[in-house]
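Asker: The lines below spell out each chain.
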Amino acid sequence: MNHRVESPETVAKEDSASPLSSLLTLGGGGSVPVIVGLILISIVFQAANQNFLSPVNLTNLMVQISAVGTISVGIVLVLLIGEIDLSVGAVSGLAAAVMAVLSAKSGQPAIMAVLAGIVTGAAIGLLQGFWFAKLHVPSFVVTLAGLLGWQGALLYVLGNTGTVNLTDPMITGIANTRLPVEAGVAVGILFVGGLAFTTFGERWRRQKAELETEPTVAAIGRIAGVAVGVFVAIAIMSVNRSPSGFTPIQGVPSAVPIFLGFIVIFDYITRSTRFGRYIFAVGGNEEAARRSGINVDRVRIAVFCLASTLAACGGILAGSRLLAVNQSSGSGDVLLNSIAAAVIGGTSLFGGRGSAWSALLGSLVIGSIANGMDLLALSSSIKFMVTGAVLLVAVTLDAYTRSRRQQTGR
Amino acid sequence: MRGISKRFGAVQALQEVDFEVYEGEVVGLVGDNGAGKSTLIKAIAGVYRPDSGQYFFEGREVNVNSPREATALGIETVYQDLALCDNLDVVSNLFLGREMVGPGVPGGLQPLDEVTMEREVKRVIRELAVRIPSVRSQISGLSGGQRQGVAVARSVMWNSKVVLLDEPTAALGVAQTRQVRELILRLRERGLGVVVISHNLADIFDVTDRIIVLRLGRRVATFDAHGVNQEQVVGAITGAVFGSSGGLGSAAPAAGNAEGPGK
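Protein sequences appear in the order of chains A and B. For the first sequence, the tail end lands on 410 under this note's numbering, and the numbers increase by one without skipping. For the second sequence, the tail end lands on 1263 under this note's numbering, and the numbers increase by one without skipping.
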């Protein structure tokens, strides 16, 4: 007979730990530490160089992070299913190169060139996702091979030209068009209004169904907080930042609403659709997802396809902003920064936890550190080391909250 | 089920086993390690295809070739590992793979109907009296007994008729085990057929109506749980010789073949 000594539920009841760790676990990764970190970074750099918080620099910062941030949205999706995509940098470069060559060398219309770049990304993602999901090669290896292979393809596409300058006004306008100030404000009103509308619509439906709702103050407070953030950002980008003052330079650069638009779309998809729910399920417990009838392979292929497509969009944004695509497009720290941004922003490396918004928070952290160190004219040796340290801290927090969850869980 | 056999290479996991469960009945399936309990459950759940044998459901012979086909019949399995997503809340887990969506954007991007799902989950949780802090708690924040409750709630949400519980009390403390026992009784009250696999007899003895004993891939005994004591069951499990056989069954080694028609 089996005389098993059952362990009482001591393990499950140690929730009441230190306030620090409960802060860290907040919201499964939590955006509070990141926002605190951002404020600290701003204070330090502003103290060192008073230009850091100037409208010019903050607007630059937002444009700088848009490309890597867009790539990072794709990384968030891949991390959510518990995988990794190391090819996004190379894919972003290749997609930009395809666009550049079609536009500048073959004289194709801008729309065709841009679409071809995006389709290139989508096709690569399908291939890599298929290889991983159906042939059961670890995603790490498939996309590492991709990193090398697509880098090669980038060189091949560019041929012996090396650098292709982008001249088509539509392509250069993707990232560099400044929205009229009124349009910027209108977008802000639309966004905050939409948030308020969905928040209160959901509350109304819950109340009608007699389900408990969060306190009204909390809902209003959250919307007000977002509104303040959005309108301060728009105001900063609407200030005339022309150094000479002759022709005014003001308005939100188009790269920013494109990047934020991707975040809003993928935030909706991940949180509020079946597909999004399946992404979390596959990342949380693949076997459970499979037994629930979810087509795990299809979710995986779709996610890798989206990640590469977003990488292509990021590459196109970067090319548009820099007015050129060259042999080093998408190489260097693009890959690392996009992964680091997702993780720093609070998306877990271990799958199943995170949010599209972490792409914004994380790329703000990485971008402002890089930008601040540029202002201080620090050498790239120091920049690499500091960024590495920040990434290490973020991953350590991630691993720490995960191990705490496992202790409290079982 | 009648005459189920399953062989893995040289191992005869099940040999001509009959198994039956009726509505509103709790059957305990017991046996030592390697007796074939898990294989039998997986055959019922459609995970394994038996090498031979017949499968009857509500009097008709059916073919069950996959877990999905078993689910479609109303046969749900709660495995020992529970198959819950730790990172999702109770509502998401109960509706996983069968989410309700609201109207709106076509193309698979309709918003989830969280309100209706939450209301539905609350109803089931209340009916089964599963004690959890909130239906919006993540599974990672629940205790083992609460998780078992959530997994069982999921299995009965979909008009299921038979629920198979694989070692539901294996990792639980005393208080949690009692909760699971109460849950099993409530499933019986709802008219479900419940199969509980366990090798910890004490945990399930008082909630079962019948106890079926497997030994070395054969059904060796069936007891009416109300007219038998634990020693007799243990005797059948271990194959020890014992005097009186209780209830419906006999302790003869060939009892599996001698049983009446399956369900």
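What the hints contain is simulated information worked out from the structure, not anything from laboratory work. Please read these numbers as outputs of a predicted model, since none were measured by experiment. Please note that the accuracy of each hint is not assured.
Listed below are the simulated DSS-like cross-link pairs for lysine-lysine, each with C-alpha atoms no more than 30 Å apart in a straight line [said to hold, decoys possible]:
#, chain 1, residue 1, chain 2, residue 2
1, B, Lys1122, B, Lys1161
2, B, Lys1042, A, Lys208
3, B, Lys1122, A, Lys134
Beyond 12 Å from chain B on every Cβ pair, some chain A residues (computed) [what the hints assert, rightly or not]:
#, residue
4, Val44
5, Ala48
6, Val141
7, Tyr268
8, Val386
Between beta-carbon pairs, the in silico distance windows are [stated by the list, open to error]:
#, chain 1, residue 1, chain 2, residue 2, range
9, B, Arg1126, A, Ser331, 39 to 47 Å
10, B, Arg1119, A, Ser331, 50 to 58 Å
11, B, Ala1129, A, Ser403, 27 to 35 Å
12, B, Arg1126, A, Phe197, 50 to 58 Å
13, B, Pro1103, A, Ser403, 40 to 48 Å
All C-beta atoms, glycine included, are put in the ideal place defined by N, C-alpha and C.
Asker: Could you check the structure against the hints above and give me the numbers of any it violates, in ascending order?
Answerer: Hint check: 2, 3, 7, 9, 12 fail, others pass.
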